[in-house]
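Student: Sequences are here, hints too, so could you generate the full structure?
Okay, here's what each chain looks like letter by letter:
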Amino acid sequence: MIIHGGALHQGVQPLTGGGANRDTHGVRSILITGGNGGLGRGIGRYFLEKDLDCRVWLGVRSNRQDAEALAAEFPERCSLLDLDVTNARAWEAAVATIVEADGRLDVLVNNAGMHRDHLLAAMPTESWHEVISSNLDSVFHGCRAVVTSMMRQRFGRIVNIASLSAILPPMGQTNYAAAKAGVVAFSRTMAKEVARAGITVNCILPGYIETEALSGMDEEAKKAARQGVPMRRFGRPEEVASAVFFLACHEAGYVTGSALKIDGGIF
Amino acid sequence: MEESSEKQRANEMSQGPELRQKIKEVMVEELMLDQEPSTIGDATPIFGAGGLGLDSVDALQLVVALDKHFALKIGNSDAAKGILESVDTIAREIEKVA
Numbered sequence: 001m002i003i004h005g006g007a008l009h010q011g012v013q014p015l016t017g018g019g020a021n022r023d024t025h026g027v028r029s030i031l032i033t034g035g036n037g038g039l040g041r042g043i044g045r046y047f048l049e050k051d052l053d054c055r056v057w058l059g060v061r062s063n064r065q066d067a068e069a070l071a072a073e074f075p076e077r078c079s080l081l082d083l084d085v086t087n088a089r090a091w092e093a094a095v096a097t098i099v100e101a102d103g104r105l106d107v108l109v110n111n112a113g114m115h116r117d118h119l120l121a122a123m124p125t126e127s128w129h130e131v132i133s134s135n136l137d138s139v140f141h142g143c144r145a146v147v148t149s150m151m152r153q154r155f156g157r158i159v160n161i162a163s164l165s166a167i168l169p170p171m172g173q174t175n176y177a178a179a180k181a182g183v184v185a186f187s188r189t190m191a192k193e194v195a196r197a198g199i200t201v202n203c204i205l206p207g208y209i210e211t212e213a214l215s216g217m218d219e220e221a222k223k224a225a226r227q228g229v230p231m232r233r234f235g236r237p238e239e240v241a242s243a244v245f246f247l248a249c250h251e252a253g254y255v256t257g258s259a260l261k262i263d264g265g266i267f
Numbered sequence: 001m002e003e004s005s006e007k008q009r010a011n012e013m014s015q016g017p018e019l020r021q022k023i024k025e026v027m028v029e030e031l032m033l034d035q036e037p038s039t040i041g042d043a044t045p046i047f048g049a050g051g052l053g054l055d056s057v058d059a060l061q062l063v064v065a066l067d068k069h070f071a072l073k074i075g076n077s078d079a080a081k082g083i084l085e086s087v088d089t090i091a092r093e094i095e096k097v098a
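If you're matching them up, the sequences are chains R and A in order.
Take the first sequence: its letters are residues 1 to 267, numbered as in the working numbering.
Take the second sequence: its letters are residues 1 to 98, numbered as in the working numbering.
To be clear, the hints were calculated from the coordinates, so they are not data collected in a lab.
Among the hints, a few may not be true.
Said to hold, decoys possible - Away from chain A, derived, C-beta distances all over 10 Å, residues of chain R:
id	residue
1	Lys50
2	Asp66
3	Pro75
4	Arg77
5	Thr86
6	Asn87
7	Ala88
8	Arg89
9	Ala93
10	Ala121
11	Ser133
12	Pro170
13	Pro230
14	Val255
15	Gly265
To be verified - Here are the simulated lysine to aspartate or glutamate pairs, DMTMM-like style, with alpha carbons at most 25 Å apart:
id	chain 1	residue 1	chain 2	residue 2
16	R	Lys261	R	Asp137
17	A	Lys81	R	Glu193
18	A	Lys68	R	Glu92
19	R	Lys192	R	Glu92
20	R	Lys192	A	Asp34
21	A	Lys81	A	Glu29
22	R	Lys192	A	Glu29
Note that CB positions come from ideal geometry on N, CA and C, so glycine has one too.
Tutor: Next comes the structure, spelled out in structure tokens:
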């Protein structure tokens, strides 16, 4: 279901041609999940500002106010899409909507996710399932939903937002770290399976990024966290977005199965 | 009615070699095979030793390509095994559903 956007599909022409080295310059159709969050909006804005020929679809659920504000800034090129990323049928419907509107789907950014931190001994079973579902199942459903369309196009770019927790997990995140490590392994496996089809699959592992994800930390905790970052600062959403933008571009066609840390030097 | 069937069969006969050639071209292009379409025999096994040696990833790509170029929909892996044996078996399936 398209929530926002006007006569946005007029003038959008499906790209033509084929082959793994096809030129993708022209209108690109991009789906970003978690579109209402700080990182999702940051990625969306980056694409909208840097690529004037792209069309951005922001996947949202109940929280959509901030995403609507971004879409209102780019009414011809940005739309909201109601998408429960944990639901396979919702994914199929979303992809069908985009392909019907744009004739193709070039880029999928699996950004939606959440965490419910508890020490393992006190972790409710539902917290485990909820985090695995929103962070890992969602990537499975999303990638499976887009892969046939991208194979038909002989082109696709998938960027999965994992987390530094995948490789440097803090206490209290057995669920989140396991899910994000799963995203990395999933991405590397899928990258091999679809490489011949001109589809790349990469991961980004953000460290501390200035979004609402840090809102649960008090000032003391933030100060301590900054001390652990060699750059002594948190990252900005656009610093993650620029990496996503690169991995989604035509020139990154030989980069696949990679996991890029963006964390100010933590390791 | 009989005459019409004969005509249709004649058309298919004349289209058969062209269809097989087109299938080979699609295979070379979509699967990025490092060989000329003309070097693929109509009955050459697509998978396994002694044939083109393609693998399961190629099979998936081929299923998508056949739908894209010939509107041939292959519903499941059991059906795929029979249809994707050779260019001949693919052509016969396309002709059957045309």
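Student: All hints, please: hold or fail.
Tutor: Going down the list of hints, with the structure as the test:
1. Lys50: holds (31 Å)
2. Asp66: Nearest chain A Cβ is 37 Å from Asp66/R, so the label holds.
3. Pro75: holds (33 Å)
4. Arg77: holds (28 Å)
5. Thr86: The claim holds: Thr86/R sits with its nearest Cβ about 25 Å from chain A, beyond 10 Å.
6. Asn87: Non-interface label stands for Asn87/R: nearest chain A Cβ at 23 Å, farther than 10 Å.
7. Ala88: The assertion about Ala88/R holds, with a minimum of 18 Å to chain A.
8. Arg89: Since the minimum Cβ distance to chain A is about 19 Å, Arg89/R lies beyond 10 Å and the statement holds.
9. Ala93: With a cut-off of 10 Å, Ala93/R remains clear of chain A, as the shortest Cβ separation is near 20 Å.
10. Ala121: Non-interface label on Ala121/R holds, nearest chain A Cβ at 43 Å vs cutoff 10 Å.
11. Ser133: Non-interface label stands for Ser133/R: nearest chain A Cβ at 26 Å, farther than 10 Å.
12. Pro170: Consistent with the label, Pro170/R stays out of reach of chain A, its closest Cβ about 37 Å off (over 10 Å).
13. Pro230: holds (41 Å)
14. Val255: Given a closest Cβ separation of 18 Å, the condition holds.
15. Gly265: holds (37 Å)
16. Lys261/R / Asp137/R: holds (22 Å)
17. Lys81/A / Glu193/R: holds (19 Å)
18. Lys68/A / Glu92/R: holds (19 Å)
19. Lys192/R / Glu92/R: holds (23 Å)
20. Lys192/R / Asp34/A: holds (19 Å)
21. Lys81/A / Glu29/A: holds (21 Å)
22. Lys192/R / Glu29/A: holds (19 Å)
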